[in-house]
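Reassemble the complex: the two chains are provided individually, in unrelated frames, and hints are given to aid placement.
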Amino acid sequence: MKKGNTIFFKNPPRILSHAAICGSKETEGILGKYADVTLEDDMYGESTYEKAECKMLSAAISLAIKKSRLGESGIDVLLSGDLLNQIISASFAARDFTFPFLGLYSACSTMSESILLGSALVDGGYVKTAVCATGSHFASAERQYRYPLELGCTRPPQAQWTVTGAGGLVLGSGQKGVKVVNGTMGTVCDYGVTDVNNMGAAMAPAAAKTIVSHFVDTGTAPEDYDLILTGDLGALGSRILKDLTWEKGYDVSSRHVDCGEIVYKVIESEFQGGSGAGCSATVLNAYVLTKMDAGLYKRVLFAATGALLSTVSSGQGESIPCISHAVQLEV
Amino acid sequence: MTGKTRENYNENYLNYVKTQDPPTKHLKNCASAFGVGGLICCIGQFIRYMLQYAGLTGDELAGSTSVILIFLGCLLTGFGVYDRIGRYAGAGSIVPITGFANSVTSPAIEFKTEGWIYGMAAKMFTVAGAIIVFGVFSGVIVGLIYFFI
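Quick note, the sequences are listed as chains A and B, same order.
Using the working numbering, the first residue of the first sequence is number 1, and each one after it goes up by one.
Using the working numbering, the first residue of the second sequence is number 1, and each one after it goes up by one.
So here's chain B without its partners, still in its complex pose (with noise of 0.2 Å):
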């Protein structure tokens, strides 16, 4: 067998390093993101408020609400924006659905010069791919024990 296995790293080594790591700041970052990831729930609530009163209900409501604030995802990071606020607001701008717009618009651009079937279309979802698969999966899981109990 060749090559590095867990048994021959130099521990040593790995454990020093670990002493030299520049700490991650996580009050900091746990703050702007509540702060930033806030803001964006509240833009929401604001929508959807508007457009009640604009006399949309239920599943249309909602619907429409998604779709505004997908599309404002989508518009920031054509304008190259959001990832500037993804910088600064960690899971703040990465959990609500806007973050979810962005992990799908971002390859798509980045991969438009590999062409548009086999770039844009095809590696559009290599970031988004993994939520799909795992939000479906435990969507399932829910569903099932929901329907047991």
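The following block holds chain A by itself, in its conformation from the complex (with noise of 0.2 Å):
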């Protein structure tokens, strides 16, 4: 069934398993309790920093499976996607496995989109089982959009950091685990933010429109949730959401909480917070899902959020376009 931009699942797929993998930098916050692996090396033992990003994402969702102890023949599908150009650490990760892969890519969003996605493909019938995933690396975001690692050069007060991290699922059928009940589709939305070092600004819109969009379709309100989370807002962009989403008669501010705001230990050298499909993918996987595992959170609306550029694009002068799509996960 479908209202609005609100797909609802007649026999809500679950969570059967999940993990994520984590970099060192991030071990030292709330992550390092709850990863499955953490890394004490940020290149994973490969020779190039892609490939590292390539061989966590394999590794997260060779875990999930394990974890879900379907074995690799039990998958029938896999959905992930990455930040890279050609999504080349998804893709290249998926040659490790004999099921069927399909290529996403949402930029950071790509873990609400793929659950999203998954949940569509176990409720429909269509696969028994999906797995979704997805990772991120700082050094190799930070070469594609940015600068090399070692020049020395300044970030702006607004900037964030790439989180080196990757976290997957496992999405079937059964009596346990947490469900998804329905997602919610985003649509590109684009204020005119040309900055690239503020995401944060360029993002909160879209992640407003689409939570909205998710009261209204759902006919729930921001109390009815014990975690509105959204996916690298970073401190910045929080603050603009809980206003945006104010100024439409939301008040999301009791349980509004940003991936990116909270997986680091200090938000000094990171100023606003973590970035990147990794962050929102280790937060859900590590921490958020394990939460709910335990039964401490029993529903919470999932919108990580993505910012639709390319180096190209912002290199001549267009805006930053951005998108948002959430799911809604309960006990």
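Hints are computed from structural coordinates only; laboratory data are not their basis.
Glycine included, C-beta positions come from ideal geometry on N, C-alpha and C.
Among the hints, erroneous ones may be present.
To be verified - When the alpha-carbon atoms are kept at most 25 Å apart in a straight line, the in silico SDA-like pairs for lysine to any residue are as follows:
| hint | chain 1 | residue 1 | chain 2 | residue 2 |
| --- | --- | --- | --- | --- |
| 1 | B | 123 | A | 314 |
| 2 | B | 123 | A | 153 |
| 3 | B | 18 | A | 197 |
| 4 | B | 25 | A | 146 |
| 5 | B | 25 | A | 66 |
| 6 | B | 123 | A | 149 |
| 7 | B | 18 | A | 149 |
| 8 | A | 248 | A | 219 |
| 9 | B | 112 | A | 86 |
| 10 | A | 248 | B | 19 |
| 11 | B | 25 | A | 155 |
| 12 | A | 2 | A | 127 |
| 13 | B | 123 | A | 146 |
| 14 | A | 66 | A | 91 |
| 15 | A | 265 | B | 24 |
| 16 | A | 51 | B | 113 |
| 17 | B | 123 | A | 154 |
| 18 | A | 242 | B | 12 |
| 19 | B | 123 | A | 145 |
| 20 | A | 51 | B | 126 |
To be verified - Derived coverage of chain B by chain A (criterion: at least 3 residues anywhere in the stretch with Cβ under 8 Å from a Cβ of chain A; other residues may be distant):
| hint | stretch |
| --- | --- |
| 21 | 35-43 |
| 22 | 86-96 |
| 23 | 103-112 |
Unchecked claim - Take a look, some chain A residues computed to stay more than 10 Å from chain B by CB distance:
| hint | residue |
| --- | --- |
| 24 | 47 |
| 25 | 95 |
| 26 | 97 |
| 27 | 298 |
See below:
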């Protein structure tokens, strides 16, 4: 059933298992205790950062499958994507597996988009199980979007820090696990922010739009959720999101948490917090889903946000179109 | 025509974002840039005095001083120290010749993974290329002005 932009699942698929891997810097934060694998070396034993990112993603996928006890033959499809050009990490990671692969690109909102699509496939009965995964790496993102790592330049105070990490989960039907009740498809939203260092401000309108349309479509209010989790708006973007939703008559301030804002221990050299596809993927898979399994959170709205820009578009002076997809998770 | 133009930007939102922006700490940045930049210049001057003491003069003296500073810049970049200095000092470590050395060395290290020719050698000047182009260009302009007056 579809109402507005929200798809309601008839037999809500369940998250059978989830796994996350995070880098050394992330380990110091809240993820340290909850991630399945923490890296001491951000190269992960590989010769390049791109290979390391691919290996992280691949490891997150196999870990999630292993924890679900389904085995590789029990998985019907992999939905994955990442930030690098031509989504190389995801497609190269898919080489390691025998099941089919559907590549996605939705920048940092890939996690929620893959859960949304995976749930639709499972609920529709087209596949029995689906793996949703994504990841990012600070060094490879920095090289693609910004400057060489060793270049001695300063970061503006609006800047964010790409999270090194990957997360994956297995969707399927069953009696146990967190349910994916419904999902709101996002619309591309562009208010004309051109500053590539100010992703929070660029993405906040997209997040606000999706969250508000989710409330309207489902007839819920912010108080109905234990947690409204956005992807990587950072401290500045979160403030803007609260203002924008408040303007529409929804006060999310008591329920809203941003993955980017909480992922690091001290937001100082990272300024506004974490960003990247791995940010929402690791926080969701390592922290939030573990807490949901334990029954601490009953109902979570997960709305990852993505900035759909490229270095070419921003070089040509284009503004930054952004998107946010939301999924409602329930115990 | 598709897409966003200056005319259909959401001006209200952009103005609102400006009010929310965390301020850049100009005073602190200037002070640390002045301190670190000055320190690099002092080191340069110290090297110059030492070389002068060793008996070098004129162009030889200026050239050798620059070479040593460039070497130090490259070395610190390779050790992964220069970007830390740069994060703290800003323009203080970008403007001196060591900053130029850093802007050549850092992409060279970064793109080495894509091969020696198309990676390291070709991408070496991605940052420094702009400095060279406009450096030479402004040099020509100043030279012409100097020639005519």
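For each hint, the structure was consulted:
For the proposed pair residue 123(B) and residue 314(A), the alpha carbon gap of about 20 Å is at most 25 Å, so the pair holds. In summary, the hint linking residue 123(B) to residue 153(A) is supported, as the alpha carbons are separated by about 18 Å, within the 25 Å threshold. At most 25 Å may separate the alpha-carbon atoms for a hinted pair to count; residue 18(B) and residue 197(A) meet this at roughly 13 Å. Under the criterion of a C-alpha separation no larger than 25 Å, the hint pairing residue 25(B) with residue 146(A) is consistent with the structure, at around 22 Å.
Between residue 25(B) and residue 66(A), the direct Cα distance comes to roughly 49 Å. Violation of the 25 Å bound is thereby established for this hinted pair. Only pairs whose Cα atoms come within 25 Å are accepted, and residue 123(B) paired with residue 149(A) is accepted, the gap being roughly 14 Å. A hinted pair counts as satisfied when its Cα atoms are at most 25 Å apart, and residue 18(B) with residue 149(A) does not qualify at roughly 29 Å. A threshold of 25 Å between alpha carbons decides the hint, and for residue 248(A) with residue 219(A) the separation of about 14 Å falls inside it, so the pair holds.
At most 25 Å may separate the alpha-carbon atoms for a hinted pair to count; residue 112(B) and residue 86(A) meet this at roughly 21 Å. Annotation: proposed proximity of residue 248(A) to residue 19(B) holds, straight-line Cα distance about 20 Å (limit 25 Å). Annotation: proposed proximity of residue 25(B) to residue 155(A) holds, straight-line Cα distance about 12 Å (limit 25 Å). For the proposed pair residue 2(A) and residue 127(A), the alpha carbon gap of about 20 Å is at most 25 Å, so the pair holds.
Restraint check for residue 123(B) and residue 146(A): satisfied, since their Cα atoms lie roughly 14 Å apart, inside the 25 Å limit. For the suggested pair residue 66(A) and residue 91(A), the alpha carbons sit about 20 Å apart, so the restraint of at most 25 Å is met. With a C-alpha separation of about 22 Å, the suggested pair residue 265(A) and residue 24(B) falls inside the 25 Å cut-off, and the hint holds. A distance of roughly 11 Å separates the Cα atoms of residue 51(A) and residue 113(B); the hinted pair therefore holds under the 25 Å criterion.
Only pairs whose Cα atoms come within 25 Å are accepted, and residue 123(B) paired with residue 154(A) is accepted, the gap being roughly 21 Å. A C-alpha spacing of about 17 Å is found between residue 242(A) and residue 12(B), which places the hinted pair at or below 25 Å, so the restraint holds. Between residue 123(B) and residue 145(A) the CA atoms are separated by roughly 15 Å; this keeps the pair inside 25 Å, and the hint holds. Note on residue 51(A) and residue 126(B): the hinted pairing holds, with a Cα-Cα distance of about 23 Å set against a maximum of 25 Å.
Counting residues of the stretch 35-43 of chain B whose beta-carbon sits less than 8 Å from any beta-carbon of chain A gives 0, not enough to reach three: the coverage restraint is violated. With a threshold of 8 Å between beta carbons, the proposed coverage of the stretch 86-96 of chain B by chain A holds, since 6 of its residues qualify and at least three are required. Given as covered by chain A, the stretch 103-112 of chain B passes the check, having 7 residues with a CB less than 8 Å from a CB of that chain where 3 are the minimum. With a minimum CB-CB distance of about 7 Å to chain B, residue 47(A) fails to clear the 10 Å threshold, and the non-interface call is violated.
For residue 95(A), the condition that its CB be more than 10 Å from all CB atoms of chain B holds, with the nearest at approximately 19 Å. For residue 97(A), the shortest C-beta to C-beta distance to chain B comes to about 25 Å, beyond the 10 Å cut-off, and the non-interface label holds. In this structure residue 298(A) is separated from chain B by more than 10 Å, as the shortest Cβ-Cβ distance comes to about 33 Å.
The structure fails to meet hints 5, 7, 21, 24 from the earlier list, while all remaining hints are met.
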